[in-house]
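For chain V, the structure is supplied; the task is to place chain W on it using the hints.
Number of protein chains: 2
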Amino acid sequence: MNIAALEKIALSVRALSIDAIQKANSGHPGLPLGAAELGAILYGELLRHDPADPHWPDRDRFVLSAGHGSMFLYSLLHLAGYPDMSLEDIKTFRQPGSRAAGHPEYGLAGGIEATSGPLGQGVAMATGLAVAETMLAARFNTAARTIVDHYTYALVGDGCLQEGVSAEAGSFAGHQGLGKLIVFYDSNRITIDGSTDLAFTEDVAKRYEAYGWQVLRGSMYDFEEISRLVSQAKGEAKKPSLIILGSIIGKGAPNKQNTAGAHGAPLGAGEAAAAKQALGIPGDFYIAPEALDYFAARRAVWKKNRETWLAEFEAWSKENPEKRKDWDAFHSGRALPAALPVFAVGDKVATRNAGNRALGALAAANGNLTGGSADLTGPNGAALPPDVGVYSAADRAGRYIHFGIREFAMAAVCNGIQLHGGLRAFCATFLAFADYLRPALRLSALMKQPVIYVLTHDSIFVGEDGPTHQPVEHLASLRVIPNVRLLRPADAEETAEAWAMAMDRRDGPTVLALSRQELTVFPKEDPEWKNTIRTGAYIVKKPGGKPDLVIIATGSEVGLALEAAAMTAGKQVQVVSMPSRELFEAQPAAIQERIIPPGVRVICCEAGVRSGWERWAQPADILSIDRFGESGPAGRVAEALGFTAGALAAIISR
Amino acid sequence: MNIAALEKIALSVRALSIDAIQKANSGHPGLPLGAAELGAILYGELLRHDPADPHWPDRDRFVLSAGHGSMFLYSLLHLAGYPDMSLEDIKTFRQPGSRAAGHPEYGLAGGIEATSGPLGQGVAMATGLAVAETMLAARFNTAARTIVDHYTYALVGDGCLQEGVSAEAGSFAGHQGLGKLIVFYDSNRITIDGSTDLAFTEDVAKRYEAYGWQVLRGSMYDFEEISRLVSQAKGEAKKPSLIILGSIIGKGAPNKQNTAGAHGAPLGAGEAAAAKQALGIPGDFYIAPEALDYFAARRAVWKKNRETWLAEFEAWSKENPEKRKDWDAFHSGRALPAALPVFAVGDKVATRNAGNRALGALAAANGNLTGGSADLTGPNGAALPPDVGVYSAADRAGRYIHFGIREFAMAAVCNGIQLHGGLRAFCATFLAFADYLRPALRLSALMKQPVIYVLTHDSIFVGEDGPTHQPVEHLASLRVIPNVRLLRPADAEETAEAWAMAMDRRDGPTVLALSRQELTVFPKEDPEWKNTIRTGAYIVKKPGGKPDLVIIATGSEVGLALEAAAMTAGKQVQVVSMPSRELFEAQPAAIQERIIPPGVRVICCEAGVRSGWERWAQPADILSIDRFGESGPAGRVAEALGFTAGALAAIISR
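Top line first, the protein sequences correspond to chains V and W. The opening position of the first sequence corresponds to residue 1436 in this note's numbering, with each subsequent residue numbered one higher. The opening position of the second sequence corresponds to residue 1436 in this note's numbering, with each subsequent residue numbered one higher.
With the rest of the complex left out, here is chain V:
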């Protein structure tokens, strides 16, 4: 270990961070200055990576969970030689078009393994990355050859550790014994409000020990010690490790270091100059030549390491052609078609149960489909077929994950599994508890990750559990998140197609909103409905003549609409099932008008709030539920809320 060089790397991280933040007049110097030494040894010595191929499947992963410290990451990516992170990007830190965005954004540059900034989620995603590694290792490594064998590192601050999602993920990671997850805790005891003594005086080490982690301590500024601690972490194969590094926020800024003033605002011209003078930084955007030389030499080593792996991979491929075929399929990002379950008109099936059958078929066809539920395996219809094992420390090839009652971490872990590459992730809970995992769903959408969210018990038809468990605003609230695709199938047949659509999607998450109650499979007059549904809507029932009105319904309300239409004489009623309003609204007018003829009266019906349906119908022509529900048998609740076929028929007749 070339400590002199590492010191120069740390110096360069500080130099780039001070100047980039100062130039942007925006940013968070506290972490990059405080943790520069860790960055130096991490990118210089510890990480098994190769900037020449940032997507090398067996690279170590590093997640900057404390994403506000983004200049830490950008500086190191640039110094290490990641081609995506140019000095120009760093000089345009926090400007539109720069890869050096305010917080690390997945997809902007190689080496950014996850979008971080919403605190606590980074380390939960790192947990998912570590899960993925164990799963792929179990599936692909052979007695003779090890193809998957890497570590997942994360850097957290006090903020991440206060968030509940990191607690959930920590307990999960400890339970699962994720020995290759190594988390550094930048313990500087300062947050925005001031000292952590204001709000955070727990014994973090003891808490992580309680989760079943190995906890180690050291100084942020002792390279030998960090190296030794990481070896110790790697030596413990059965437990994740938390390495607590005592540090000084904003280290190097003579007047602001060790204060909240260093956290989230530029140092200011005077303090920046003072810091640079104190540190011996000779110019602007300074990079020490020793740091460049060091990394140039390292790149040769990294290249060799990766080539060794590639040779091993080729040899493994020859020896294991079937595994290689799976590997390619897993990493293609494309789902393989499955023998979806077939239902008959008149079948009464809850869409959660139809969904379970579709999931089973897709899991059989796609060996990389993995996921589970937040302790609602049965109620969500989330179980995988019995021959697919349960993921655990004892069976890393198992694909069903018991996430525990931890909705938020579940979704964040799924983001991590998905980000790893090679796997497709799904997770499940009640739709009403989408609120618990919403921040992670937003990140799925922002990162364009096709995680599948199975959210069942999708309306007041949940019944007796009452308003806490009856979603009313949730469909609307999920539709408004950009890039989330919500599908609310209306019967078992639509559910199978919806699952297939979710699997086919590659650029963002899909929410499947499924019913608790049985729904009757209805005849579909559009012979092409399995294609048309991919536009978001199709015609279920055409009237004999030109329609007087169109009813748009989703999910269980399509059945209600058919019932109401049958109750109404003298009007030509067209019934449209619209499992995805967003998808339909994204279609060209010609496609929309084939389903909803322009100028025809439209009635909308959905067991949830009306917001968003006003685009299609007049307020009086929307049958919705704009209040919290009630506890009682579903039919009686619907009566109490005036949400019945009779009420819809009355609107039609008006």
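Among the hints, erroneous ones may be present.
Copies of the same chain look alike in the list, so a pair counts if it works inside one copy or between any two.
[Claimed, not checked] Derived lysine to any residue pairs resembling SDA-like cross-links, with alpha carbons at most 20 Å apart:
1. Lys1965 x Leu2018
2. Lys1526 x Ala2069
3. Lys1883 x Phe2063
4. Lys1641 x Ile1679
5. Lys1641 x Pro1958
6. Lys1669 x Met2002
7. Lys1739 x His1490
8. Lys1673 x Asp1638
9. Lys1976 x Ile1679
10. Lys1783 x Pro2023
11. Lys1965 x Asp1763
12. Lys1783 x Ile2026
13. Lys1669 x Arg1831
14. Lys1981 x Asn1460
15. Lys2006 x Thr1967
16. Lys1883 x Arg2062
17. Lys1458 x Ala2069
18. Lys1758 x Ala2001
19. Lys2006 x Ala2082
20. Lys2006 x Gly2034
21. Lys1673 x Asp1519
22. Lys1458 x Gly2005
23. Lys1758 x Phe1748
24. Lys1669 x Lys1753
25. Lys1783 x Ala1573
Hints were generated in silico from the structure; no laboratory data involved.
Structure of chain W alone, referenced to chain V:
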């Protein structure tokens, strides 16, 4: 302690629970059967309460955090003699109109201290109840007389303890040294999916010790031990206590106890009969006479206790007339008017900062206004005036709360503070992180609690922090929650009124969406605007003649609309500020039409997704942001997204 009687109470809890759940054919027998003994001693011996006055301010609070076990609570309320919980209610468990709803619902019956069911939130609300007790005790107790002196109990299961929100609240409670918070953990090691070994193997006791709690252990079925442990808990004044009680889920059901089958479904006729036989329950909805006799005797004691308190309270009132005046004001639920800050047209003030001044004025006038931020005190403008202290173990009279980076627990704790009575609670974070606290906001709305949510940095005009920190869907997503009132004031003057409106509201939460950036105070042509704004909208600028079009804008976009209107010649443009769309949409047509004349073209402008605005304008007439933002200076981000006065002017001119 009459153990024979307590056993009969436990028997009666089991009897009522088995039959109520069986009759409803829905419910969760596992907890009431498993924890009946705790219920017996809690309601019979431990709780200082009086069913004759469920709202007695100095009663002990009990929150059933594991709300699915609702029959536990209902049985005990009925047995103890709470008049709101009749046998008829229990016999109509989970039917519309019954006070015995699926999950405990605040407001349905005295003795239900919080709506619970969404796991983990109950114990976080209990933390808030305990905070409120310490605050009121510090404010009102005198050397001579103790008026506020009660405990807060909660019952949690494995589910609550896996949720991140309970972890956040646990760390907060330990930090704050809430010695009068006593949490029972019904440790039955079974959840819906089966054994907790599937997902939850951490050392809970050690974790709570790490938080700074006292942790005690015992058996659910040993009255003497529970009594001793509670004494021990009470003996530790500086730490909250977790009492871990080993238990058997569904105890008494001979074939289902100790299995997941007992958790969440009726026992079934056969098992119910077998359980009743095994337990010696002679009939349906059986109540042991000894239980009734016992409680009848207890009620006399409780009445005396409460009368003693009342006498003390009267004596204290005479000795402390000023304190008594405050007490009455605090408990009235009504906010006192304040000298709101005054701004002048042309002032440039970020609404977060204007909000801080209004908050300061309101906090000066209302000594019961308390709250804080999730570590964003400065950025949110959440600080209270310097003479208002910081709440801590050392200063219970402090009113500013450092919640730590724990948005979800912050909101749940505020729910608890508000539920306690006597205080008004507010909390603050970035609007983008409303997602983190959303499940608690939903409970504020469902429980009709007027918690005030100060959510700043309310649009892409946040700028450099980028898409993770730029809300785009959040305004829409909050508006759809029933009973949430969202106010997005357009300048400093509106902000002061918005704060006053939030304080005046008594039946639900208010969200104040405030800007990071400076906004210019604009002239308001409606002379009555301070009244009209209470309808949700008012006219900022009237055209000379009959309007050709109306622009509806909210928040910072009102300034943009004024700018665009000024850029447009030849059209009579009316500009409307609509800080609360929900409030406006709830007005009678006559009021709406005074502001938006029927038949006139309407343009809507808001820096967020368009969903919901379609009610007022054609899709082409909505200037919105329907994608994630960008990192960059606010103005450049707005340019990049096409969200400018010029773009709005182009729509106007069309």
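A quick look at each hint next to the structure:
1. In this homomeric assembly, Lys1965 and Leu2018 come within 20 Å of each other (Cα to Cα) only inside a single copy, at 15 Å, whereas the closest approach across copies is 42 Å.
2. Taking the closest pair of Cα atoms, Lys1526 and Ala2069 come within 20 Å of each other only across two copies (18 Å); inside a single copy the shortest separation is 60 Å, beyond that limit.
3. For a Cα distance limit of 20 Å, the shortest separation of Lys1883 from Phe2063 across copies, 11 Å, qualifies, whereas the shortest one inside one copy, 32 Å, does not.
4. Proximity of Lys1641 to Ile1679 under the C-alpha cut-off of 20 Å is found in both arrangements, the shortest distances being 12 Å within a copy and 19 Å between copies.
5. In this assembly of identical chains, Lys1641 and Pro1958 lie within 20 Å of each other by CA distance neither inside one copy nor across copies; the values are 60 Å within and 58 Å between.
6. Proximity of Lys1669 and Met2002 under a CA criterion of 20 Å is satisfied in neither setting, with 69 Å inside one chain copy and 65 Å between copies.
7. Proximity of Lys1739 and His1490 under a CA criterion of 20 Å is satisfied intra-copy only: 16 Å inside one chain copy versus 74 Å between copies.
8. With identical chains, the CA atoms of Lys1673 and Asp1638 are at most 20 Å apart between copies only, with a shortest distance of 16 Å across copies and 23 Å within one.
9. Taking identical chains as interchangeable, the C-alpha atoms of Lys1976 and Ile1679 are never at most 20 Å apart, the minima being 63 Å within one chain and 58 Å between chains.
10. For the homomeric pair Lys1783 and Pro2023, neither the shortest alpha-carbon distance inside one copy (35 Å) nor that between copies (44 Å) is at most 20 Å.
11. Within a single copy, Lys1965 and Asp1763 get their C-alpha atoms no closer than 28 Å, and across copies no closer than 65 Å, so neither meets the 20 Å cut-off.
12. Taking the shortest alpha-carbon separations for Lys1783 and Ile2026, neither the intra-copy value of 31 Å nor the inter-copy value of 48 Å comes in at or below 20 Å.
13. Proximity of Lys1669 to Arg1831 under the C-alpha cut-off of 20 Å is restricted to the intra-copy arrangement: shortest distance 18 Å within a copy versus 46 Å between copies.
14. When the C-alpha separation of Lys1981 and Asn1460 is checked against a cutoff of 20 Å, the pair qualifies neither within a copy, at 63 Å, nor between copies, at 47 Å.
15. Taking CA atoms no more than 20 Å apart as the test, Lys2006 paired with Thr1967 passes in neither setting, with 25 Å inside one copy and 44 Å between copies.
16. In this assembly of identical chains, Lys1883 and Arg2062 lie within 20 Å of each other by CA distance solely across copies; the values are 12 Å between and 33 Å within a copy.
17. Proximity of Lys1458 and Ala2069 under a CA criterion of 20 Å is satisfied inter-copy only: 16 Å between copies versus 60 Å inside one chain copy.
18. In the homo-oligomer, the alpha carbons of Lys1758 and Ala2001 never lie at most 20 Å apart, since the shortest distance is 55 Å inside one protomer and 67 Å across protomers.
19. Within a single copy, Lys2006 and Ala2082 get their C-alpha atoms as close as 16 Å, which meets the 20 Å cut-off; across copies the closest is 43 Å, which misses it.
20. In the homo-oligomer, the alpha carbons of Lys2006 and Gly2034 lie at most 20 Å apart inside one protomer (16 Å), although the nearest pairing across protomers, at 29 Å, exceeds that limit.
21. In this homomeric assembly, Lys1673 and Asp1519 never come within 20 Å of each other (Cα to Cα): the closest approach is 36 Å inside a single copy and 54 Å across copies.
22. In this assembly of identical chains, the alpha carbons of Lys1458 and Gly2005 never lie at most 20 Å apart, being 71 Å within a copy and 44 Å across copies at closest.
23. In this assembly of identical chains, Lys1758 and Phe1748 lie within 20 Å of each other by CA distance solely inside one copy; the values are 11 Å within and 78 Å between copies.
24. Taking CA atoms no more than 20 Å apart as the test, Lys1669 paired with Lys1753 passes in neither setting, with 31 Å inside one copy and 69 Å between copies.
25. For the identical chains of this complex, Lys1783 and Ala1573 are neighbours neither inside a copy (40 Å) nor across copies (61 Å), given an alpha-carbon limit of 20 Å.
In summary, the structure is inconsistent with hints 5, 6, 9, 10, 11, 12, 14, 15, 18, 21, 22, 24 and 25 from the numbered list given earlier, while agreeing with the others.
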